[in-house]
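S.K.: First to last, the protein sequences are chains A and B. According to the working numbering, the residues represented by the first sequence are 1 to 499, in order. According to the working numbering, the residues represented by the second sequence are 1 to 494, in order.
FYI, nobody ran anything at the bench for these hints, they're computed from the structure. Note that the structure is a prediction, hence the values are computed from the model and not measured. Note that beta-carbon positions come from the ideal geometry of N, C-alpha and C, so glycine has one too. Incorrect hints may have been included.
Claimed, not checked - Pulled a few chain B residues facing chain A out of the computed Cβ check, cut under 8 Å:
no., residue
1, W70
2, I71
3, K72
4, V140
5, A144
6, I147
7, G154
8, V162
9, F166
10, L170
11, L173
12, F174
13, L177
14, L180
15, I181
16, Y187
Stated by the list, open to error - Below, computed lysine to aspartate or glutamate pairings styled on EDC-like, alpha-carbon distance capped at 20 Å:
no., chain 1, residue 1, chain 2, residue 2
17, A, K382, B, E109
18, A, K382, B, D27
19, A, K40, A, E105
Residues per chain are reported as follows:
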Amino acid sequence: MTLADLQFQMPDLRLASAEIFVLFMACVVLILDLFVRDRKRTVTFLATQLTLIGAAAVTLTTASNDVGFTFSNMYIADLLGDVLKLLLYLTVVVVLLYSRGYVLEREQMARGEYYVLALFATLGMMVMISANHFLSVYIGLELLSLSLYAMVAMNRDSVPATEAAMKYFVLGALASGLLLYGMSMIYGAVGTLELTAVAERLMSMGYQGERTILVFGLVFVVSGIAFKLGVVPFHMWIPDVYHGAPTAVTLFIATAPKLAAFAIVIRMLANGLLMLAQDWQTMLILLSVLSMAIGNIAAIAQTNLKRMLAYSAISHMGFMLLGIVTGVVGGDARFGLNAYSSSMFYVITYVLTSAGTFGIILLLARGGLESDDLDDLKGLNKRSPWFAAVMMMMMFSMAGIPFFVGFFAKFSVLQAVVAAGYLWLAITAVAFSLIGCFYYLRVVKIMYFDPPVNLAPIEAPIDMKILLSANGLAVAMLGIFPGRLMSVCHYTLARSLWL
Amino acid sequence: MSGTPLLSLAIWVPILAGLVVLATGSDRNAPLARMLSLIGALAGLLVTIPLYTGFDMSTPAMQFVELTPWIKGFNANYHLGVDGISMPFVILNSFITVTVVLAGWQVIESKVAQYNAGFLIMSGLLNGIFSALDGVLFYVFFEASLIPLYLIIGIWGGPRRVYAAFKFFLFTLFGSLLFLIALLYLYMQSGGSFAILDWHKMPLALNAQTWLFLAFLVAFAVKVPMWPVHTWLPDAHVEAPTGGSIVLAAIALKLGAYGFLRFSLPIAPDASHAMAGIVVGLSLIAIIYIGFVALVQDDMKKLVAYSSIAHMGFVTLGFFMFSALAIEGALVQMISHGFVSGAMFFSIGVMYDRAHSRQIADYGGVVNRMPKFAAFFMLFAMANAGLPATSGFVGEFMVILAAVGYNFWIAFAAATTMIVGAAYTLWMYKRVIFGAVSNHHVAELTDINPREFLVFVLFAVGTLAMGLYPQPFTEIMHSSVNELLRHVALSKIQ
Numbered sequence: 001m002t003l004a005d006l007q008f009q010m011p012d013l014r015l016a017s018a019e020i021f022v023l024f025m026a027c028v029v030l031i032l033d034l035f036v037r038d039r040k041r042t043v044t045f046l047a048t049q050l051t052l053i054g055a056a057a058v059t060l061t062t063a064s065n066d067v068g069f070t071f072s073n074m075y076i077a078d079l080l081g082d083v084l085k086l087l088l089y090l091t092v093v094v095v096l097l098y099s100r101g102y103v104l105e106r107e108q109m110a111r112g113e114y115y116v117l118a119l120f121a122t123l124g125m126m127v128m129i130s131a132n133h134f135l136s137v138y139i140g141l142e143l144l145s146l147s148l149y150a151m152v153a154m155n156r157d158s159v160p161a162t163e164a165a166m167k168y169f170v171l172g173a174l175a176s177g178l179l180l181y182g183m184s185m186i187y188g189a190v191g192t193l194e195l196t197a198v199a200e201r202l203m204s205m206g207y208q209g210e211r212t213i214l215v216f217g218l219v220f221v222v223s224g225i226a227f228k229l230g231v232v233p234f235h236m237w238i239p240d241v242y243h244g245a246p247t248a249v250t251l252f253i254a255t256a257p258k259l260a261a262f263a264i265v266i267r268m269l270a271n272g273l274l275m276l277a278q279d280w281q282t283m284l285i286l287l288s289v290l291s292m293a294i295g296n297i298a299a300i301a302q303t304n305l306k307r308m309l310a311y312s313a314i315s316h317m318g319f320m321l322l323g324i325v326t327g328v329v330g331g332d333a334r335f336g337l338n339a340y341s342s343s344m345f346y347v348i349t350y351v352l353t354s355a356g357t358f359g360i361i362l363l364l365a366r367g368g369l370e371s372d373d374l375d376d377l378k379g380l381n382k383r384s385p386w387f388a389a390v391m392m393m394m395m396f397s398m399a400g401i402p403f404f405v406g407f408f409a410k411f412s413v414l415q416a417v418v419a420a421g422y423l424w425l426a427i428t429a430v431a432f433s434l435i436g437c438f439y440y441l442r443v444v445k446i447m448y449f450d451p452p453v454n455l456a457p458i459e460a461p462i463d464m465k466i467l468l469s470a471n472g473l474a475v476a477m478l479g480i481f482p483g484r485l486m487s488v489c490h491y492t493l494a495r496s497l498w499l
Numbered sequence: 001m002s003g004t005p006l007l008s009l010a011i012w013v014p015i016l017a018g019l020v021v022l023a024t025g026s027d028r029n030a031p032l033a034r035m036l037s038l039i040g041a042l043a044g045l046l047v048t049i050p051l052y053t054g055f056d057m058s059t060p061a062m063q064f065v066e067l068t069p070w071i072k073g074f075n076a077n078y079h080l081g082v083d084g085i086s087m088p089f090v091i092l093n094s095f096i097t098v099t100v101v102l103a104g105w106q107v108i109e110s111k112v113a114q115y116n117a118g119f120l121i122m123s124g125l126l127n128g129i130f131s132a133l134d135g136v137l138f139y140v141f142f143e144a145s146l147i148p149l150y151l152i153i154g155i156w157g158g159p160r161r162v163y164a165a166f167k168f169f170l171f172t173l174f175g176s177l178l179f180l181i182a183l184l185y186l187y188m189q190s191g192g193s194f195a196i197l198d199w200h201k202m203p204l205a206l207n208a209q210t211w212l213f214l215a216f217l218v219a220f221a222v223k224v225p226m227w228p229v230h231t232w233l234p235d236a237h238v239e240a241p242t243g244g245s246i247v248l249a250a251i252a253l254k255l256g257a258y259g260f261l262r263f264s265l266p267i268a269p270d271a272s273h274a275m276a277g278i279v280v281g282l283s284l285i286a287i288i289y290i291g292f293v294a295l296v297q298d299d300m301k302k303l304v305a306y307s308s309i310a311h312m313g314f315v316t317l318g319f320f321m322f323s324a325l326a327i328e329g330a331l332v333q334m335i336s337h338g339f340v341s342g343a344m345f346f347s348i349g350v351m352y353d354r355a356h357s358r359q360i361a362d363y364g365g366v367v368n369r370m371p372k373f374a375a376f377f378m379l380f381a382m383a384n385a386g387l388p389a390t391s392g393f394v395g396e397f398m399v400i401l402a403a404v405g406y407n408f409w410i411a412f413a414a415a416t417t418m419i420v421g422a423a424y425t426l427w428m429y430k431r432v433i434f435g436a437v438s439n440h441h442v443a444e445l446t447d448i449n450p451r452e453f454l455v456f457v458l459f460a461v462g463t464l465a466m467g468l469y470p471q472p473f474t475e476i477m478h479s480s481v482n483e484l485l486r487h488v489a490l491s492k493i494q
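Given the sequences, and given the hints that come with them, work out the whole structure.
M.R.: Set out below in structure tokens:
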């Protein structure tokens, strides 16, 4: 390290202004909440939503087509970051709106901290999305995880929730340890933690040098990422946390962090460690196939809707990884852009669908009770044809049946897989989606073919009903016109990959 | 009428009508829902009539073509068009939709709006399948059409409806997923085109053709259905409400056969020739073995379901003999089967609505109570058995005639269906209709009402018209079939 490196430079704060804004506002909301007497915390809620909308405005004004670095290159500002952050704000806004009624009915959750934690989790994800350094990835991840641990445990008197938080924390800490250990190995081999520099040095070093240590570190990094994505065999926490956590928090965990996880996969593997693609692709292929297998098969056996969706999430993340593993074929990254953008499309549409699905569960959970058994959906078509239709669209979308967006998500990933020449992988993937189709169909069956047990009409605030309807229509409309969103993903990654 | 997007209308008019019907909501508005559905179905039929009147029979090219970019990233287009092979099915489908709406008029009392909307939406999707010229568009319609039928069987079906609905959905999905991989492979091979017509011209090695052919075969064989992947069909037919059975038999089964003509033969001609034996063998098994299976059924719907499989065996047999006569015969058989099987299922539905049984043993002497019904049922039973002057005869005769030129023993085996088909249909007819009134349920039967009469007349006109004067139908197909054969005769191996 030369002396010049040690000189302090004022970082370009403007590039990171969205993060700074959210951090500042999270502190403001925390203090503001002290003065709120209202048990409903309407002011806190509104302030949180306004923060997210404000952050979107900030991101929009600072967005540019150029790539910028700041904080000694620990932070990268590029189009991928901007697009994913905008989607992130939108997701969190929707999530908080969906969970509003649920949270109000639970005394221990109806506190300002819930919103502050959500903001800090958002900030953590923003840092992950814009990380250009192994340490910023780690810091963002920890900020997100710690907020989520607390959110899962917020409903203190609930035994399942406490248990879920405990499991989440212990396994999450282990995964963070793995990730950190892997990072340190890579640092040992390459001598830097900055992703741009790692990519450059790997390029100049080629495969010589510290290959053993590099791959050794890579194994740990991939394990850490796999844990955060929730793919087999690092998936153990997913069913328990999805099931045990309050549904509002499950909704949070099932949506926004997937975007951030996708971002760090792109930043660390597809950009930073592209030279090692052969190695991490082989690992991820295994994880992906296992996830699709175990996720889809185990989901069939579930009677709890949240648990079923947890296994479904595992299988979806496995499917998403198919796009990541087919980027580089025989040292040729020609297909990379196509493959990674198909994964990006998959993640975005999965988040959209997942939000709607958990939205329906929240819609049905009224009067302080959970409504997360499959049987609670019985005869939903009688109770509310429209919301049954929305849920049906979500299920068919997740199963990958057209005209719903999930079909095009699977389609674009499969197309990338076939383009890369992995025909057997494509056939495996469709075989497991066929198995997966069964349990989505079962949900439709329960809603449409079974007589209702509970005939109570569905009561929900009008804003939630409108938003949920819009969510359903978005799944259908994107299923008919997916082209625009696909182009956005393609364009974004074309500007942000270093292939 | 040039310039009017007729095919788009044929697709979207029923779908939009279906959404309007859905909006009528609860069963309090059932009469309104029925009325709107009928209007929607008639409008859907009306917009397809110019397809016939404006059709140019002299050219094998696609007509009424519409081409708009759809998904730019994949170079997938909203590309529609029909030729002599697909155009009749668009009209047949729109026609069947009208009969289905009428067939469920008084019978369906719960969730009327959803029921009718399901059929209208499906009608649009099916028209989309027959007119799509883009691989993605075809696939999207092909799979989306599973959803309405799944719901129709599951909501309004019989006691084992859930089992039947799942089996139907998963079987057909299984086939179409391999088809999807095949489409993606073709997309890569063609250098990024989803245009089906481009794929027709594309050279392919025999090995690739073989795999594509097998993928297509799985997809379409399940849909047709061919032995041994036919087991979903009897279950689906038995459990489905009458309207569901009609659409399933009259249109949905034709999708698989249509797929053979649009995909298998022109895209993989060399593999088609090489593997024709497999398809011919499976078709003969369907014709003979399934015919005997039909003979022993106690359930009328199951009997007609098995007879559908046997009749579709004729269709696939005709396709893989590679002669104009055989393919035209097979196409005539497909259309004829649309009328006849639809009418058969409607007849059984008429009896079921009154006596709530489909068991042959529960009937006997129906003619004493329902003479008008017995007369119509006789016509359709005869058509099903392939009696001359009905549409059922024309197609079978053409295929058998072509088979004689192809291989005598195949023709001989196929011709046994004339006997077996007559046996199971007429024996069933005899046991149900003739004889003395067997029990008090039959004694309470009432003859058909004007609505049912109307539906029967619609089916009867189709059946007799095709039987007495099939030329207008074959005329339409002629140049397209010849073009297809010319194409299939050329090797694609380079």
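S.K.: Look at each hint and say if it fits the structure.
M.R.: Now for the hints, and whether the structure bears them out:
1. Hint status for B/W70: holds, given a least beta-carbon distance of 7 Å to chain A, under 8 Å.
2. At a threshold of 8 Å, the smallest CB-CB gap from B/I71 to chain A is about 4 Å, leaving the interface hint in force.
3. With a cut of 8 Å, the hint placing B/K72 at the interface with chain A holds, because the nearest CB-to-CB distance is about 5 Å.
4. Residue-level restraint check for B/V140 holds (minimum Cβ-Cβ distance to chain A is 4 Å; threshold 8 Å).
5. Using the Cβ-Cβ criterion of 8 Å, the hint placing B/A144 at the interface with chain A is satisfied: the shortest such distance is roughly 5 Å.
6. With 8 Å as the threshold, the beta carbon of B/I147 comes within range of chain A, its nearest partner Cβ sitting at about 6 Å, so the hint holds.
7. Of the supplied interface hints, the one on B/G154 holds, with its beta-carbon coming within about 4 Å of a beta-carbon of chain A, less than 8 Å.
8. For the restraint placing B/V162 at the interface with chain A, the shortest Cβ-Cβ distance is roughly 6 Å, inside the 8 Å limit, so the hint holds.
9. Proximity of B/F166 to chain A holds as hinted, the smallest CB-CB distance being about 6 Å (cut-off 8 Å).
10. Taking 8 Å as the C-beta cut-off, the interface hint given for B/L170 holds, the closest approach to chain A being about 7 Å.
11. Of the supplied interface hints, the one on B/L173 holds, with its beta-carbon coming within about 6 Å of a beta-carbon of chain A, less than 8 Å.
12. The interface hint given for B/F174 holds, since its Cβ lies 6 Å from the closest Cβ of chain A, which is under the 8 Å cut-off.
13. About 4 Å separates the beta-carbon of B/L177 from the nearest beta-carbon of chain A, less than 8 Å, and the hint is met.
14. The restraint placing B/L180 at the interface with chain A holds, with a minimum CB-CB distance near 7 Å, inside the 8 Å limit.
15. Checking B/I181 against chain A: minimum C-beta separation of about 5 Å stays under 8 Å; hint holds.
16. A least Cβ separation of about 7 Å between B/Y187 and chain A falls short of the 8 Å threshold, and the interface hint therefore holds.
17. Proposed proximity of A/K382 and B/E109 is supported: the alpha carbons are some 14 Å apart, at most 20 Å.
18. Simply put, A/K382 and B/D27 have alpha-carbon atoms about 11 Å apart, close enough for the 20 Å limit, and the pair holds.
19. Among the hinted pairs, A/K40 with A/E105 is consistent with the structure: their alpha-carbon atoms are about 10 Å apart, no more than 20 Å.
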